[in-house]
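Residue numbers (our numbering): 74 to 371.
Because the hints were derived from the structure by calculation, they are not lab data. Keep in mind that the hints are not guaranteed to be accurate.
[Stated by the list, open to error] FRET-style restraints, in silico, Cβ to Cβ:
| hint | residue 1 | residue 2 | range |
| --- | --- | --- | --- |
| 1 | G208 | T340 | 37 to 45 Å |
| 2 | V219 | S337 | 37 to 45 Å |
| 3 | R278 | R99 | 28 to 36 Å |
| 4 | V249 | P287 | 15 to 23 Å |
| 5 | K261 | A235 | 25 to 33 Å |
| 6 | G118 | G218 | 22 to 30 Å |
| 7 | R189 | Y332 | 39 to 47 Å |
| 8 | A214 | D244 | 31 to 39 Å |
Built from N, CA and C at the ideal position, the CB exists for glycine as well.
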Amino acid sequence: MIGERFTSRSRKTGPVANVRFSRPQRELVAFISTYYSVEISGSAGSEIEDFIQPEWGELRFHSGGDSNVAAREGRFATRPAAALFGPTSRVRLIHGRPGVLTAISFTPQGWAHLVRVNAAILADKFVAAASILSGIGTLDAALAGVSDDEARVQLLDAYFCARSAAGPPCDPRIGVVAAAVNAAGDVKVRELAHRVGMTTTQLTRGAQRWFGFPTKTLLRRQRFVRTLALLHQSNGRSIGRIVDESYYDQSHFNREFRYFMGMSPRTYFLRSRQPPMGLSTAIISNSAPGDAGGSAWH
74 MIGERFTSRS
84 RKTGPVANVR
94 FSRPQRELVA
104 FISTYYSVEI
114 SGSAGSEIED
124 FIQPEWGELR
134 FHSGGDSNVA
144 AREGRFATRP
154 AAALFGPTSR
164 VRLIHGRPGV
174 LTAISFTPQG
184 WAHLVRVNAA
194 ILADKFVAAA
204 SILSGIGTLD
214 AALAGVSDDE
224 ARVQLLDAYF
234 CARSAAGPPC
244 DPRIGVVAAA
254 VNAAGDVKVR
264 ELAHRVGMTT
274 TQLTRGAQRW
284 FGFPTKTLLR
294 RQRFVRTLAL
304 LHQSNGRSIG
314 RIVDESYYDQ
324 SHFNREFRYF
334 MGMSPRTYFL
344 RSRQPPMGLS
354 TAIISNSAPG
364 DAGGSAWH
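Input sequences plus hints: build the corresponding full structure.
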């Protein structure tokens with residue numbers, strides 16, 4: 074199903090990013106939260122800058138100009154044409170040049186069922202998708218040969234339905250833990266383990282295998298993502314009240330903000346009010362449009 078659209082310009086007059094969201098077919102909705110396409114138009118050499126928010130794993134196909142992603146120690150790395158991104162805990166800067174990006178956002182269940190790699194191995198990393206997913210070169214070539222979203226969705230649905238049919242049974246504990254983590258307030262690891270009927274050791278191992286991070290980091294990450302989403306959708310509520318609901322005080326929130334975003338809240342919100350950052354602030358949690366979901370342009 075073809076969904077929402079977002080459009081944004083770079084800070085300089087020039088490239089424009091047009092973002093369109095689509096939903097997978099019904100059999101895949103538990104595994105894939107959304108498909109989205111980003112078309113960047115502009116002169117050769119122009120680029121758009123944006124953030125990759127903390128999110129679950131994604132598969133991204135890119136045709137056209139190169140796209141660079143901030144790696145360790147602030148250095149940039151050129152992303153492969155078909156790249157598999159593991160779950161992320163911290164923001165990353167990305168430079169996108171004219172071309173087309175087609176992306177698939179996995180749920181934690183989808184990562185386990187469709188990607189079938191220990192999430193901790195690729196946490197905060199990306200690799201060439203062909204090293205993990207069979208048949209990805211054929212899919213990449215097919216996507217490059219179509220120009221409309223409906224055709225892209227049909228290709229993606231066919232690929233992932235076939236992969237799902239050949240995949241292992243879904244572990245129901247993943248959904249239970251995901252729901253508990255998303256709903257959790259300021260809880261301790263032991264309390265969360267009790268809620269989901271697991272020992273702390275089982276939960277720790279499962280959190281890293283299914284979500285990519287130790288349980289404590291996972292809880293901190295989700296608390297931060299929820300709070301950031303509320304700040305962007307405050308509807309007139311004071312920032313102080315929103316922060317107080319999740320953190321001990323403003324300084325606690327500021328420390329967590331710097332940890333996950335690499336900058337102060339003030340710096341981030343000043344940047345996010347300027348194009349093209351409006352794209353990434355339109356939707357910042359980890360599900361599809363309409364569900365308060367993932368960042369719009371990654």
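Inset, instruction - For the range 37 to 45 Å, tell me whether the beta carbons of V219 and S337 fit it or not. - result: holds (43 Å)
Inset, instruction - With respect to the beta-carbon atoms only, verify the hint that A214 and D244 lie 31 to 39 Å apart. - result: With a Cβ separation near 33 Å, A214 and D244 satisfy 31 to 39 Å, so the hint holds.
Inset, instruction - For R189 and Y332, compare the CB-CB distance with the range 39 to 47 Å and indicate the outcome. - result: violated (30 Å)
Inset, instruction - Note whether the CB distance of G118 and G218 lies within 22 to 30 Å or breaks it. - result: holds (26 Å)
Inset, instruction - With 15 to 23 Å as the target window, see if V249 and P287 comply at their CB atoms. - result: With a Cβ separation near 18 Å, V249 and P287 satisfy 15 to 23 Å, so the hint holds.
Legend entry - Distance restraint evaluation - K261, A235, Cβ atoms, bounds 25 to 33 Å: 42 Å Cβ-Cβ, so the 25 to 33 Å window is violated.
Inset, instruction - Indicate whether the distance between the beta carbons of R278 and R99 respects the range 28 to 36 Å. - result: Once the Cβ atoms are compared, 32 Å apart, the range 28 to 36 Å for R99 and R278 holds.
Inset, instruction - Confirm or reject the claim that G208 and T340 have a C-beta distance inside 37 to 45 Å. - result: holds (43 Å)
Of the numbered hints given earlier, the model fails hints 5 and 7; all others are met.
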